[in-house]
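Engineer: If you want the building blocks of each chain, they are given just below.
6 protein chains.
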Amino acid sequence: MDVVTLGETMVTFTSKSSGLMRYASDFAMKVAGAESNVAIALARLGHDVGFISKVGDDEFGEKVRSFIRGEGVDVNKVTSYGGAPTGIMFKEKLTPNEMRVQYYRKGSAASAMTPDDLDESYIAGARFLHITGITPALSSSCLESVLTAVHYAKRNGVTVVFDPNLRKKLWGEEEARSALLEIASMADIVLPGIDEAEFLFGPSSTEQLADRFQELGASVVIMKLGKRGAYVKDHSFTGYVDGYPIDDVVDPVGAGDAFAAGCLSGLLDGLPVEEACRRGNAAGAMVTLVEGDVEGLPTKERVEAFQNQDVKEDVER
Amino acid sequence: MDVVTLGETMVTFTSKSSGLMRYASDFAMKVAGAESNVAIALARLGHDVGFISKVGDDEFGEKVRSFIRGEGVDVNKVTSYGGAPTGIMFKEKLTPNEMRVQYYRKGSAASAMTPDDLDESYIAGARFLHITGITPALSSSCLESVLTAVHYAKRNGVTVVFDPNLRKKLWGEEEARSALLEIASMADIVLPGIDEAEFLFGPSSTEQLADRFQELGASVVIMKLGKRGAYVKDHSFTGYVDGYPIDDVVDPVGAGDAFAAGCLSGLLDGLPVEEACRRGNAAGAMVTLVEGDVEGLPTKERVEAFQNQDVKEDVER
Amino acid sequence: MDVVTLGETMVTFTSKSSGLMRYASDFAMKVAGAESNVAIALARLGHDVGFISKVGDDEFGEKVRSFIRGEGVDVNKVTSYGGAPTGIMFKEKLTPNEMRVQYYRKGSAASAMTPDDLDESYIAGARFLHITGITPALSSSCLESVLTAVHYAKRNGVTVVFDPNLRKKLWGEEEARSALLEIASMADIVLPGIDEAEFLFGPSSTEQLADRFQELGASVVIMKLGKRGAYVKDHSFTGYVDGYPIDDVVDPVGAGDAFAAGCLSGLLDGLPVEEACRRGNAAGAMVTLVEGDVEGLPTKERVEAFQNQDVKEDVER
Amino acid sequence: MDVVTLGETMVTFTSKSSGLMRYASDFAMKVAGAESNVAIALARLGHDVGFISKVGDDEFGEKVRSFIRGEGVDVNKVTSYGGAPTGIMFKEKLTPNEMRVQYYRKGSAASAMTPDDLDESYIAGARFLHITGITPALSSSCLESVLTAVHYAKRNGVTVVFDPNLRKKLWGEEEARSALLEIASMADIVLPGIDEAEFLFGPSSTEQLADRFQELGASVVIMKLGKRGAYVKDHSFTGYVDGYPIDDVVDPVGAGDAFAAGCLSGLLDGLPVEEACRRGNAAGAMVTLVEGDVEGLPTKERVEAFQNQDVKEDVER
Amino acid sequence: MDVVTLGETMVTFTSKSSGLMRYASDFAMKVAGAESNVAIALARLGHDVGFISKVGDDEFGEKVRSFIRGEGVDVNKVTSYGGAPTGIMFKEKLTPNEMRVQYYRKGSAASAMTPDDLDESYIAGARFLHITGITPALSSSCLESVLTAVHYAKRNGVTVVFDPNLRKKLWGEEEARSALLEIASMADIVLPGIDEAEFLFGPSSTEQLADRFQELGASVVIMKLGKRGAYVKDHSFTGYVDGYPIDDVVDPVGAGDAFAAGCLSGLLDGLPVEEACRRGNAAGAMVTLVEGDVEGLPTKERVEAFQNQDVKEDVER
Amino acid sequence: MDVVTLGETMVTFTSKSSGLMRYASDFAMKVAGAESNVAIALARLGHDVGFISKVGDDEFGEKVRSFIRGEGVDVNKVTSYGGAPTGIMFKEKLTPNEMRVQYYRKGSAASAMTPDDLDESYIAGARFLHITGITPALSSSCLESVLTAVHYAKRNGVTVVFDPNLRKKLWGEEEARSALLEIASMADIVLPGIDEAEFLFGPSSTEQLADRFQELGASVVIMKLGKRGAYVKDHSFTGYVDGYPIDDVVDPVGAGDAFAAGCLSGLLDGLPVEEACRRGNAAGAMVTLVEGDVEGLPTKERVEAFQNQDVKEDVER
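Residue numbers (the numbering used here), protein chains in the order written: chain A, 1 to 317; chain B, 318 to 634; chain C, 635 to 951; chain D, 952 to 1268; chain E, 1269 to 1585; chain F, 1586 to 1902.
If you are wondering where the hints come from, they were derived from the structure by calculation, not from laboratory data. Do not rely on the hints blindly, as some may be mistaken.
[Stated by the list, open to error] In silico contact screen, one side only, chain D against chain B (beta carbon under 10 Å); selected entries:
hint: 1; residue: 1016
hint: 2; residue: 1017
hint: 3; residue: 1019
hint: 4; residue: 1020
hint: 5; residue: 1021
hint: 6; residue: 1023
[Stated by the list, open to error] Derived EDC-like pairs: lysine to aspartate or glutamate, alpha-carbon spacing no greater than 16 Å straight-line:
hint: 7; chain 1: A; residue 1: 93; chain 2: A; residue 2: 26
hint: 8; chain 1: B; residue 1: 333; chain 2: E; residue 2: 1294
hint: 9; chain 1: F; residue 1: 1739; chain 2: F; residue 2: 1773
hint: 10; chain 1: A; residue 1: 16; chain 2: C; residue 2: 660
hint: 11; chain 1: E; residue 1: 1284; chain 2: D; residue 2: 977
hint: 12; chain 1: D; residue 1: 1044; chain 2: F; residue 2: 1876
hint: 13; chain 1: C; residue 1: 650; chain 2: D; residue 2: 1008
hint: 14; chain 1: D; residue 1: 1044; chain 2: D; residue 2: 977
hint: 15; chain 1: C; residue 1: 727; chain 2: B; residue 2: 608
hint: 16; chain 1: B; residue 1: 333; chain 2: A; residue 2: 26
hint: 17; chain 1: D; residue 1: 1028; chain 2: D; residue 2: 1008
hint: 18; chain 1: B; residue 1: 410; chain 2: E; residue 2: 1516
hint: 19; chain 1: F; residue 1: 1662; chain 2: F; residue 2: 1704
hint: 20; chain 1: B; residue 1: 410; chain 2: E; residue 2: 1559
hint: 21; chain 1: D; residue 1: 967; chain 2: C; residue 2: 660
hint: 22; chain 1: F; residue 1: 1601; chain 2: B; residue 2: 343
hint: 23; chain 1: D; residue 1: 967; chain 2: F; residue 2: 1611
hint: 24; chain 1: A; residue 1: 16; chain 2: F; residue 2: 1780
hint: 25; chain 1: C; residue 1: 650; chain 2: C; residue 2: 660
hint: 26; chain 1: E; residue 1: 1422; chain 2: E; residue 2: 1388
hint: 27; chain 1: F; residue 1: 1753; chain 2: F; residue 2: 1780
hint: 28; chain 1: D; residue 1: 1044; chain 2: F; residue 2: 1833
hint: 29; chain 1: D; residue 1: 1251; chain 2: D; residue 2: 1220
hint: 30; chain 1: A; residue 1: 16; chain 2: D; residue 2: 977
hint: 31; chain 1: C; residue 1: 650; chain 2: B; residue 2: 612
hint: 32; chain 1: C; residue 1: 727; chain 2: B; residue 2: 565
hint: 33; chain 1: C; residue 1: 650; chain 2: B; residue 2: 343
hint: 34; chain 1: D; residue 1: 967; chain 2: D; residue 2: 977
hint: 35; chain 1: E; residue 1: 1284; chain 2: C; residue 2: 925
hint: 36; chain 1: A; residue 1: 93; chain 2: D; residue 2: 1246
hint: 37; chain 1: D; residue 1: 967; chain 2: F; residue 2: 1704
hint: 38; chain 1: D; residue 1: 967; chain 2: E; residue 2: 1294
Glycine is no exception: its CB is placed at the ideal position from the N, C-alpha and C atoms.
My request is simple: use the sequences and hints to build the entire structure.
Structural biologist: Below you can see the structure in the form of structure tokens.
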């Protein structure tokens, strides 16, 4: 297996009309979660991926499982839990540029994950273990699970990838900083946003923030700079990698996950880090052109065509 | 004010297609809750009604408030609470005859209601206080609130109406039985279903179960017998009141609330209890002909036309 | 041309959900009108039909015109009128068995029709002129137009067909009775409902009511008896013709128009009146199986298969 | 009560697809009307508002009433009228930048409003009476009603606010000019658009047009200049107030009403006129970001955040 | 693996409105195919199932693959083929009781399946090989593929299950009879409909038709008799097994597939054939209660509850 | 008749959501085809047009026929063919700027057209015969039909109009070049795109490419240059005609057809070629503002208003 990741996937409901959700009449059901987004993105790019999670013993749990499985991600480690419902979420498009979410995930099935849900051999069989900063924020048993998973990875020589994904709605700042730093200190590859880096280390230059992650132990640092692209640092390359500017962003959600997956895909394929990062930039750009977190994710063929500016209209009649 | 009631109102999401909810793509948003259903039904029938509740400081809270206010129910005592979200619910029509619900109401804003949310003078100004067995099941502070409300009613000469509405998903049987009996013992008018009566007193005949409620203190007992109608007992009348048989039930949910509202409407209008019960039977039957809990509720004019079998097709072109 | 008819066609809006229209969020747009329903039904059955009408110089007028033209009916005599909007109508499905309509047709473009809109040669070129009791109810100039059309038919040897289609919402009873009797007295074929016959002549037996129409001058009387079928009387046959019982009526609206068209189609094809009436019964039954006034209208092939009980499931995979 | 307004509210139907309405298949039902838009906007901003109107005794009347009541506006003076239907309207989005409307409001229930429908004490109890130039255009009895309402306001010391809202489709130019000038001459606060000012007084500079309103008697003149903002003149301030430029206008309809409400809200809160106008500019800008006339109206908290450029994306997962 | 099956799965489009498809405006996309229906039904019942097929290298191919994979069926043997599109199908609900289909499957990717697409070890690893009479009708290379698959099964000791599923639209009668008899003669378990049995052997009694299949070599014969249930014959039991009568059939399509899967599930679980057949009857009945071929398929828990008449309403609030 | 055209019209299905079609749930049905688009555009502009085609004997054939007939195009020469289905097509909006189509038109009814389907007198009665390069690509019998039609036109003095409309998906490059050149050599008016001209004659300047068409025999050459407009050459005018720039293109499909129709309309009206081309530019621009191939086509009144920049917002309330 190329990558194993763990986290919570939610069923999302999006109002079909924009504006305050109180005026909505219809909602569309989709599936989303940072870690499963990454898993699906990697599967779309041709990699072999496994997902570890817990869902409620309910229809939404079945929806989550079948959707992710349908995308070609292994869900043998997604277990059902009768004690709590599957987490859900509402997305409200207030204006063309302002989005709000409302969670019903507190006490969800996924937040009941414990280290006992982890199978060391499953993690040991992967090249990369992908961790985000969302899963440890869900509950103390989830934090423990993440630390245990990282521990399993380390002792089996599995590369640990960490995307901080700070969620201030889910935990206190102090608690968050401490836990995220602990995980970062065990990671081999980190993919922080610039804001997240400043949250962890205080205001500083992009270059210095990258250094701080390396001091903590990361051998590859890929710092996300939004539309400007990324700042990348590993043993062979240090510098900025430009993003692909998108004029008509349809839905920005999921861009960070697609970026992370694109980078990991490149690294798994043995590309130099700056090339891997270009794939990340392209995947991140492409997913914003389509409504939904994963609906716009590219195959390897399409991401390469996009990088070569080769995607064009193809309408005949 | 004719009637004051208190309880939780939820935003409901119903799949637009029948079958397992995992296959749904679209959901319609509506508003429902036993107590607000009764309040709306009474307002539709021309009465002056007030609703006491707590909603989250979120869009669903605004939806609940504006929907109920739009129906002409006073919502000045519906407060916003920033500490928890508005409760929501999913309705899944498995087959034409089998419906399932999934709640996200645990720890909702309404379950944070406390006696401090009650204004004695508001209750004192009503002729009837309407209580269901759902509200006390939401949390211990909700149980306390219900008991306090009943206490306010009793010491201000307000008639206490009690509809047991047993919800086994929300609390344990022992706890439920004890609380419901305590409330029943303070009620003047009770509207139990036959199953609920047996849950409280053990298996027995309809007549004897009605007696047990009177022994507890109720002066009016209206026992719901489903399609067969009701068994009614007060100082002036004892006997069965036939229901209105409906062949094409579209949505059975809300029938009990419409029945209760019809009975209370009749009593408020000074009808003899058997006549009031007929209005309840008609309102309960009518609401099942339309999708949704309140969408089929009749005005007084329409319920009387229905009782006179005077509702008919009126299509011209 | 086989048949020419004249009248008002409206754009109709039907709520996508049942129950009180105030709760609707979406409406579907269709096109309907008794006379154009008959015209479309006849075209579907293979006849050559022309429609005379006036529509507003607006999008709804274009909708009416293109829909009817699309069905193969000649609309060269459907003129646009800038002085008033196209009439529209809302259909509200209160319960599975109760439907209500709300018109916005008062002062519509069609009600501005005058005798000047009629081209005698167009009417003279038809075998049948089809008239309903709705058109004369729209305005006094419409009544005049109908009388003029009938006059043109009579002096050119065109058979006059009259379907009373009483609409009490559109005019007073006295006015209606007088006008309908005047038209009936000039008709060769009449297709009254039993209620309409009683409205015109007072309560009486089916047989006697049919006689009254013959005394007025009709040579063929086809009296609609709803589900029971029809009572038919001409020079060669007198008696009852059974209907086709339908268990799962989806939408009863349009059945009368389909019946009329089926009968006329049979007569145009030279069938004996009882056979023509059977075709009418079948067409009327078939249209009720589908939502909408014209969407379920049969071709000649399908109506004959239905009469031979030859319509069956045809699902393969 | 802070503000009382009177006018016609219609049920609106908007095609779900853009382009010529003849090709539409589905329409969405909403509620709109300049005066009720202002009333709702003010209620959203925290003010106490009352609406005077007449609706048909039909489902659309109930829709209008419950929608406005749901928004927290007092509708005790919205009466039902059996003699005419509630006015309705169709909105057709021809292209992204071209919109057309089609009314069915001629002879509507609201146009039957008369001075008898006005309760002097209701108007007397308000700080502001809000009048638009649409209501007097509906019928002569509506014009009379407006003049009577203004008269009641004047003799009870209620500030008269006038927004000309010229509608050339509804009345002749001469008639319009004369009536609007008469009302303007009694108004304390006027909110004309620059085109409307020129319609009333002939072409002239913005400054001179504002002077003309002051000469007529207005103490506060707020002249709308579209995207450029407004020109404001009262005893303490004279000058231009910049608007908030919006790139992604979703639906421009309702901007003027939101602007008026924002200004009035500021004045009610005791802000200097230029500050009040800024609130108007912000509210007007915000409402264009959302489909519908009122769906994007801000609360006071949100309008202030917008003015401080503090509204931003808030998406977490 | 418990069962391997092979065949064509199509993307289906169903009009959202009933009646002639020419009037439809919206279509819903689903996935269906007799063999994948059986595979999904078995997976839902807890079995380990593999599907062999070919899809186009297009979006519909991806849809088919991800849908079936999402249901837990192994799709490693579903290959993509660039030379032809994925087959599709339209379903038209003419009336509540009459359905029609229109195929675009001629020359589809699946019809290009050849024996080279079969992996003997994949088939050898299963307990049952499931074959229908549809696959051999698609093309001569498909017929060859089916015969090869059966051959692989026979020489590896895999039980061959055959459901004739006669499709006269797809091939000529002579060709069909000859091919189906050839396959039947190699099958261990046959599940013919009574009509199909008569098609193969000529008119005869149910009992004699079953004998004919046994003479051909089948050890288990389960003859489908529609609503009446089935006639079953193996070494230990001979007789009729009653069906579960369903009043409110929503969608009959897929019932035969669910029946087959229920029977196979029972046999895989070691139930006596009459018990297995009861499970088939129940599964077949349950699937007709829901729109779609697979959406109503039961889990083992639900099918057993249904057989015990234990499925009931579960609505609380 | 002004213009006769022949070709294939398909029913098109467009996903209601953007992104990969595999994620779609709903599709909207429309009707499209280059030649019928031109026919409809000309009818909308007030011309008398006839369409020659073959459709399947199925619902989609009826849809095609009634849609085109509804638009006022003569369809007496659109015949039904039982041997093959009507061609259909799926449109997939991958991103705001990238569209893909998938055809199911191979072996369609239209591709079975033969010279026998042509009625020489029908073509002889037209002023223009309009031919595209799509029809000859459908099948060899279609190529023959086109050549025959052109032959009929030539010998009856009908002007031959040719729009190359190269479709590389439908035939090989050599075959296409040879056939298109053959048709071009018989055409009087040609409307090639610049790419198509280069495909036929090899890379060259716009001016020289136009010369080549004239050398082949065309008296009027209108070369499409996309947003830049067109290069026009006839006996009286040679030069560039600017296009109308459109910022908010909603759907580019159909612009070329609208352009062609606009040019032909102008020529039919006797405008100089540069004026005709301006009408073409305007029609082409206008149709891109609306979803769908024909939904945004202008009437003559609207196209002239657009050319005079006179189209503006018209929203009143």
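Engineer: Compare the structure with the hints numbered earlier in the document and write down the numbers of the violated ones, lowest to highest.
Structural biologist: Structure breaks hints 13, 24 and 37.
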